[in-house]
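**Student:** All chains, please: the whole structure from these sequences, using the hints.
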Amino acid sequence: MAVSRLSFSNINALGPMVRVGTLPMRLLALDYGADVVYCEELIDIKMAQCHRVVNEVLETVDFVAPDERVMFRTCEREKNKVVFQMGTADPDRAVTVAQLVERDVAAIDVNMGCPKEYSTKGGMGAALLADPDKIEAILGKLVTGVSIPVTCKIRILPSLEDTISLVQRIEKTGVAAIAVHGRFKEERPRHPVHCDYIRTIARSVSIPVIANGGSLDLVKTNSDIEDFRVATGTSSVMLARAAMWNVSIFSKRGPFPVEKVMEEYLKYAIRYENHAFNTKYCLCQMLRDKVESPLGKQVQTAKSTAEISEAYGILGFYQQTQEWIQSRRNAQQNISQLDEPIMEGDVITMAVKFERGNYVPPITPKMLLLEWTHREKLEQPQYETKQRPQDRAFQSVVTVAQKKYRSSLWSVHTL
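All the letters of the sequence shown, read from the start, carry residue numbers 1 to 415 under full-length UniProt numbering.
These aren't lab readings, by the way, just hints derived from the structure by calculation. Check each hint, because a few of them may be wrong.
[To be verified] What follows is a list of derived Cβ distance ranges for each label pair: (1) Q168 to T144: 15 to 21 Å; (2) R5 to A137: 19 to 25 Å; (3) S327 to D131: 51 to 57 Å; (4) S327 to K353: 18 to 24 Å; (5) Y281 to D67: 18 to 24 Å; (6) E307 to P158: 43 to 49 Å; (7) A137 to P192: 30 to 36 Å; (8) C284 to N10: 31 to 37 Å; (9) D227 to A137: 33 to 39 Å; (10) R19 to E376: 50 to 56 Å; (11) R253 to K172: 40 to 46 Å.
Every residue gets a Cβ at the ideal spot worked out from N, C-alpha and C, and that includes glycine.
**Tutor:** Shown next, in the form of structure tokens:
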């Protein structure tokens, strides 16, 4: 059955937040009633180097960098709700990344509002606001380059007229919605959000406008979300910091005690093997002024997910989940071991994965094979490598002792 395109009308969305918008927080936001969830901003240059991996053990799809770090992890549960936000200043690279992830996400968003230096120094984020031509080029190429909706998130310009001119130009690119953070580039969360600006912007375009920026002063409870929507005259609302502090704000019965929310977040972090440092960071944001409490100090000193779990009294859940994950990992390894080499033409093919941890630097499989051929007085191995354009993964054929060998698995590493 065909899945309908994601709608941005009348939604409450979890906004993109660096280090916060990873899979555990996104899934918890959906549990509590968020309609749409944005991932943290991911930089196009880093994502373009990733390859897509179906993680049968965790039941996720992972986008893995050359150094084996998981840059983006998603799962079937959020497939029709998650928006992939990228930082980019290059139309071609933006399309490359969008095409890499489009089968696993519901929409693509371009960050045009982040004022932080790590984003603007590369011409990304709020730096794009000074270059409408580049904005138009990026969004136009994305709209025609992928089959899912494209959106962007901006900040307001000092001139209301200039802001309206910009959003109307953005609308003409064919984007599905525009998220507007109601502060100027120089303003920070302590400054009041300009609801009047957002209201005027919403009236100036026909596509949905998503209001953002009300977390500190205006949105403290679930009912405040609707008040913010009315105050800005927008179709939808995006929450970032209010959700970071207590994501149960999306629930009509919320927010719930943060202790309950933290435990549920931690269980998702355990289930999906979220990095312990990232888990600690998110929990500390939820603790807020309780970060120096006995629990807060335990979390801060924890060096592993097991120690964090112990602090929250769910070490048993952690251990049971680890056993379940390990049993699935063992089962997958057993399946791999059953694979017998097959002949594909004149090439012997088998499922062999390069595991970096099995080799002590600078030793590589290539070096070991070369040494073996020297000992056996054979000709030096010959390699033919091809690259898959959609994810830049490699596959090589090695000719040694007049026979050809190839792994059926594609990799970011050459043989």
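**Student:** It remains to establish, for every hint, whether it holds in the given structure.
**Tutor:** How the hints compare with the structure:
1. Q168 to T144: 15 to 21 Å: The hinted range 15 to 21 Å holds for Q168 and T144, with Cβ atoms some 20 Å apart.
2. R5 to A137: 19 to 25 Å: This hint holds: roughly 23 Å between Cβ atoms.
3. S327 to D131: 51 to 57 Å: holds (52 Å)
4. S327 to K353: 18 to 24 Å: holds (20 Å)
5. Y281 to D67: 18 to 24 Å: Holds, since Y281 and D67 (Cβ atoms, about 20 Å apart) stay within the stated range.
6. E307 to P158: 43 to 49 Å: holds (48 Å)
7. A137 to P192: 30 to 36 Å: holds (34 Å)
8. C284 to N10: 31 to 37 Å: holds (33 Å)
9. D227 to A137: 33 to 39 Å: holds (38 Å)
10. R19 to E376: 50 to 56 Å: holds (51 Å)
11. R253 to K172: 40 to 46 Å: At 41 Å between Cβs, range holds.
Figure legend: structure checked against the earlier numbered hints; every hint is met.
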